[in-house]
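For this one, chain P is given, so just place chain L on it according to the hints.
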Amino acid sequence: MDTTLETTITVNGTPVTRQVPARQHLIDFLRETVGLTGSHIGCEHGVCGACTLRVDGEIVRGCLMLAVQANGRKVDTIEGLSDSGELAELQKAFHEHNALQCGFCTPGMLMAAQDLVRTRPEASREEIRAYVSGNYCRCTGYHAIVDAVEEVLENRKGGPR
Amino acid sequence: MKAPSFAYAKPRSLDEVFALAERHGDDAKLLAGGQTLLATLNMRLSSPRLLIDITGVPGLAGFSVKGNTLRIGALTTHRAIERSPEVAQHLPLLAQAAPHIAHVAIRNAGTLGGSLAHGDPAAEWPGCCVALDAELVLAARGGERRVKARSFYRGLFDTALGPGEVITAVEFPIPGAGYRSAFLELARRHGDYAIVGVAALAKSSGGALADVRLAFIGTGPTPILARTAMAAVEGKKPAAEVIAAAQTALEKDLSPTGDLNGSPATKLHLARVLCGRALAQLAG
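Top to bottom, those sequences are chains P and L. Residue numbers for the first sequence follow our numbering, so the first one is 355 and each next one is one higher. Residue numbers for the second sequence follow our numbering, so the first one is 34 and each next one is one higher.
I should point out that these hints are in silico values taken from the structure, not numbers from a laboratory.
Just a sample of chain L residues kept apart from chain P, beta carbon distances all over 12 angstroms, derived: (1) 98; (2) 236; (3) 295.
Cross-link-like lysine to any residue pairs, in silico, SDA-like; alpha carbons within 20 angstroms at most: (4) L:62 - P:357; (5) L:35 - P:382; (6) P:428 - L:86; (7) L:62 - P:359; (8) L:35 - P:386.
Estimated spans, in silico, between C-beta atoms of each pair: (9) P:480 - L:176: 46 to 56 angstroms; (10) P:411 - L:211: 37 to 47 angstroms; (11) P:357 - L:317: 51 to 61 angstroms; (12) P:360 - L:76: 26 to 36 angstroms; (13) P:360 - L:49: 13 to 23 angstroms; (14) L:188 - P:437: 44 to 54 angstroms; (15) L:166 - P:476: 34 to 44 angstroms; (16) L:102 - P:411: 29 to 39 angstroms; (17) L:261 - P:476: 40 to 50 angstroms; (18) L:254 - P:411: 35 to 45 angstroms; (19) L:309 - P:480: 18 to 28 angstroms; (20) L:48 - P:411: 30 to 40 angstroms.
Ideal Cβ placement from N, Cα and C applies to all residues, glycine included.
Pulled out of the complex, with its shape left as it was, chain P reads as follows (with noise of 0.2 angstroms):
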């Protein structure tokens, strides 16, 4: 059987074909054999939203997707959403509000907020939180990303906060 596949996945619009070893983990793929080492790899089961990433559109746990499962499909990442300015009114946002401290949950957070603010325009400072939930933070007690998120939200909106 094979431990080794050769798998074809488009990551930020540039279609990557590698041999990748069966177990290796999509987030491990980024950042070890296509050099994006935005997204960082925290708990390696799902739990700390650090290796957040794109998967076809939707945002999955890196760390729990083997890069073989994404063959042929399209990933993003923090360093394509960044590039692409998708992400700018957040970043602005999270710097002005002093959102992180040492950033290494920031790629995956910021992942986590734009999957918000393009699906869920509506949202309030409560749903903010149970979104932005599956995203740890060890240095900001939240309030700050949850400021952040919620004023990207009423600026889009074009009201005032």
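What follows is chain L alone, placed relative to chain P:
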């Protein structure tokens, strides 16, 4: 940690799945969304030689309504159930339960069939299937059979699934007009497995509840239908003394074991609290 080494195959039909499962026996594990399996591999709690990824088999995801039955394919993700208009219309209990399952990034990948086959006693779908009296469709080389969720769970992580069998779909009887449902659970943090949870359903007419179902999760080795508590409410308006009687009766239905979340007494107390809240919600 990293998963141990294994081989990977992605068959394109159930026949190929059966052939691989037969050839590799206990050395093989089925992979659907992987949201539990990959975590256990990463923690090296499991070390199969081969993962058989069944997500390439066509026809195992999606919703179809036939008569009074809503059929949901085993590979349907938690997120698809959460967003499904068919579920919202016919089985609101599932839509109520879905947001309690982990987090969006996990619900996007995890599947109904995977959760049911794994059989965690604190997981949401097994409790919902027991409350709704759903039937699991199991396929093997020899053909299909159906097993009620109420007899599928035999013990802690022990199910009626035989060697080489695959859950292909779940068939839910549609409760129909007049039914109300509630799904409640207590967890330390949003998205954690339930400390205690309840999937509740009843027909409400003129304030009285009929065909009451209360399925508890996190209170034993399997999801548990609280028949004594259900009988205490059946046909009655859930006034304070009726709810209290159901809460008292729960000690005959549940004998929770203590764990890191609390002692047996604490868990029974929490189940009683949820029982009261659920009955109040069913009454409207």
